[in-house]
Amino acid sequence: MSYTDFYLAFPDKATADGVLYTDTPIAWDNTDPENQVVTETELRPNFRNIDTLPLVMEQEGQYDIETGEELVAPVYSPLYHVNVRALPGEDTSALEAYAVTPNTPARVWA
Amino acid sequence: MAYTDNFPQRPVFMADFANGGRIDPRATFSRSDTPPTYAAPSAVHYWSNEKHLSSENILLQSQTLNTTWAAVDIADPTGSQTAPDGTSTAWLLTAQTGSSKAPYVRQSPTFSGSTQYTMVGHLKAGTASHGYISFRTQNGYSAYALLDFSGGTVSHAGFGDFTGVTSSVTALGSSWFKVTLTATTGSNLSSSNVAVGISDGTTPTSAGYAVWSASGETMYSWGIQLATTNAKVYDSPTTTQISRSYASSLKSVATAGQPRFEYDPSSDGQSVAKGILIESQSTNLVTYSSDITQSFFTGFRSTQESNVGIAPDGTLTADLLREDSSSGNSHGVYFEYASGGTTAQTISVYAKAAGRNHLSFRFDTTNGVFGSDFVYFNLSTGAVGTTDSDITASIVSCSNGWYRCIATRTALASANGRIVLYLADADNSTSYDGDSYSGVLLWGIQAEANASHASSLISTSGSTATRAADSLSVATADIGYTGGDVSLVFEGDFIGDSSGTPHLFSLRTSSSDRIEAFRNPSDDKLKVSAKADDVLIASATASASGIAANTKFKFGVSYGDNCNSSTDSDAGMTEITGVVAPSSLSHLYVGYTGSGSHLDGHCAKIALYSSEISKTNLQAITS
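These protein sequence lines map, in sequence, to chains H and A. Under this note's numbering, think of the first position of the first sequence as 6, with each following residue one higher. Under this note's numbering, think of the first position of the second sequence as -18, with each following residue one higher.
No lab work stands behind these hints, which were simulated from the structure alone. Since we're looking at a predicted model, the values are computed, not measured. Here a beta-carbon is modelled for each residue, glycine too, at the ideal position from N, C-alpha and C. Treat the hints with caution; some may be incorrect.
Unchecked claim - Some chain A residues judged to face chain H by a derived CB distance under 8 Å, without partners named:
id, residue
1, Arg7
2, Pro22
3, Ala24
4, Asp57
5, Thr59
6, Ser261
7, Gln262
8, Ser437
9, Ile439
10, Ser444
11, Ser576
12, Ser578
The task is simple: from the sequences and hints, build the whole structure.
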């Protein structure tokens, strides 16, 4: 099976969730059979393999070896990073606007 | 429809993963792995039923140099000298006086041709300026490593058909050196010899020993090893028998998406088949899982030696964490990783004693991620020692002295957390006098955020890496069942305690029509749940007690006029009357729901019957 790996950088989590997941009703209030009311939803993934990264460090901090005290604060990317390994048949058109090509990926697929 | 009492009924689908070791051709298994290559093996691992040579010493009396060893131009060796490990098991060798002397001790093991050997010897200067180790397969076919005590340097050479000769020297404490010599033998094997000798700087000849004018020079020696494992640690002391130990192999998958049929490494590694491993997606946040010499790790009062021991996968990739000579202090190495949230964090390390029998993890206070909590592991007995209350810990035997040490603690902040690995001289003791020799072999270091158990090893080399989830399913149309009365029997285990709802199976068309069994995270009891036309038709606890991790269990559930379930752990029986099974169920997902809630464990066997099974028969099947 061939896969397509996407390294994605979204401006924020909400944007990422909007692209990567579909909000799906999972429970309804059937009190009025003619007007069922959705009472619960869940985010269902649009892709089988989604890997959300923690903060990606752009510049490492410096620490005192003995005490652990922070000498220079690390610098983190402000973006929201997600890796997707898309399977054949999965529609990836919505991903391409957020795809990046890192020189050294912070995380790869095993 | 009334159930039949004709027992045993035949299942329409039966997968015996533990004994069969294969996927039914009607089923589909996948895992989105990166295809492995020869240069880059897969990072995804499993416990196979294969074994590898884990440690070896084909020399006898490795610490008793006046027995088996023959002394040439040396006075009787003097024992009870202080060895690198602090014991009184080293020997003093004294050269006889005279010209054309070749002072050395030797023995004659049996060599194989075209085989790579590594010899390890520990040497310390007395009055001699040089010492050497050597081995030969025949006069004129040999290799040596010559140590200059004053400079702490080593030179080497090979003769005849010996190839690939290399050497190394490591300065230990108290003026001891560890010298290694590696060479590949040829085809001339008629007169073998292994030698440990004294020299004035004269290099050994092709006969395997140095000839020079001696006048009573002295040298200490201890711990001599010769092995085809090519280990560069002295891990196999011998007396009257050679040492040769095999261990279970933790293999990486050979092809992308290969199903992983696992065996228990703590037994003989071959007779206890656990079934197919079904795991959720997980990430190893350690960027170099098996190389503590990388800058990702920071050592303190210790030395990190790369690729000196045989790892659980059978390769020479285990690293040695060795203490320095600091007294009354701690010795170890630490690393940091992004906790990613205030969730359970699980650290796991494969470790083997190499002079120190205890290893400790500390969840450090750096960046406020943890609260300075310790846990201790005994690598001699395979027991978890003193454990701070915020930690849950376990230790798993991986054979031949290797253990996987596992500890879980909840992070207090989302930031870079620090994990410190300490050598320990006893339980609950990380502060002691180092001897510059003792340590622990480490390999397969893994940090998993948002995980309350250690998943299978995800090896890394430069980046954190994510293993995709396992998926195993079968379309019910392919097995002759598409809905209505049904019974399912499951055998397997959970790897660890889980905060999610790990599913044994899900028989479903959609969330509106489904039959499922899972473990309830609040009490670890099994639960059954079923919906038909989006109406909940069954929901009950199916075991009287919780299912412990790494404990094989049997579970059965039956739907027809009633819902019955049974487990072997407590002979429990749940019965719900007036249940009509869903009429349309398109897929059987094994070990997950079709989209998540993975088993994180093994499915040894699963069977689907297209009929209701009576309570009595269900209990019989699961007993």
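So, going through the hints one by one against the coordinates:
1. Annotation: Arg7/A was flagged as interfacial toward chain H, and the flag is violated, the nearest CB pair being 18 Å apart, outside 8 Å.
2. Against a cut-off of 8 Å between C-beta atoms, the interface hint on Pro22/A is violated, since the closest Cβ of chain H lies about 11 Å away.
3. Because the beta carbon of Ala24/A sits about 4 Å from the nearest beta carbon in chain H, less than 8 Å, this interface hint is met.
4. Residue-level restraint check for Asp57/A is violated (minimum Cβ-Cβ distance to chain H is 50 Å; threshold 8 Å).
5. Interface restraint check for Thr59/A: the shortest CB-CB distance to chain H comes to about 43 Å, outside 8 Å, so the restraint is violated.
6. The beta carbon of Ser261/A comes no nearer than 12 Å to any beta carbon in chain H, farther than 8 Å, and the hint placing it at the interface is violated.
7. Using the Cβ-Cβ criterion of 8 Å, the hint placing Gln262/A at the interface with chain H is satisfied: the shortest such distance is roughly 7 Å.
8. Annotation: interface hint on Ser437/A violated; nearest CB of chain H at approximately 10 Å, more than 8 Å.
9. Satisfaction of the interface hint for Ile439/A is found here, the shortest Cβ-Cβ separation to chain H being roughly 5 Å, below the 8 Å cut-off.
10. Among the interface hints, the one on Ser444/A holds; its C-beta lies about 5 Å from the nearest C-beta in chain H, closer than the 8 Å criterion.
11. For Ser576/A, the interface hint holds, since its Cβ comes within 8 Å of a Cβ in chain H; the closest pair sits about 7 Å apart.
12. At its closest, the beta carbon of Ser578/A sits 12 Å from a beta carbon of chain H; the interface hint therefore is violated under the 8 Å criterion.
The structure fails hints 1, 2, 4, 5, 6, 8 and 12 (numbered hints given earlier, in ascending order).
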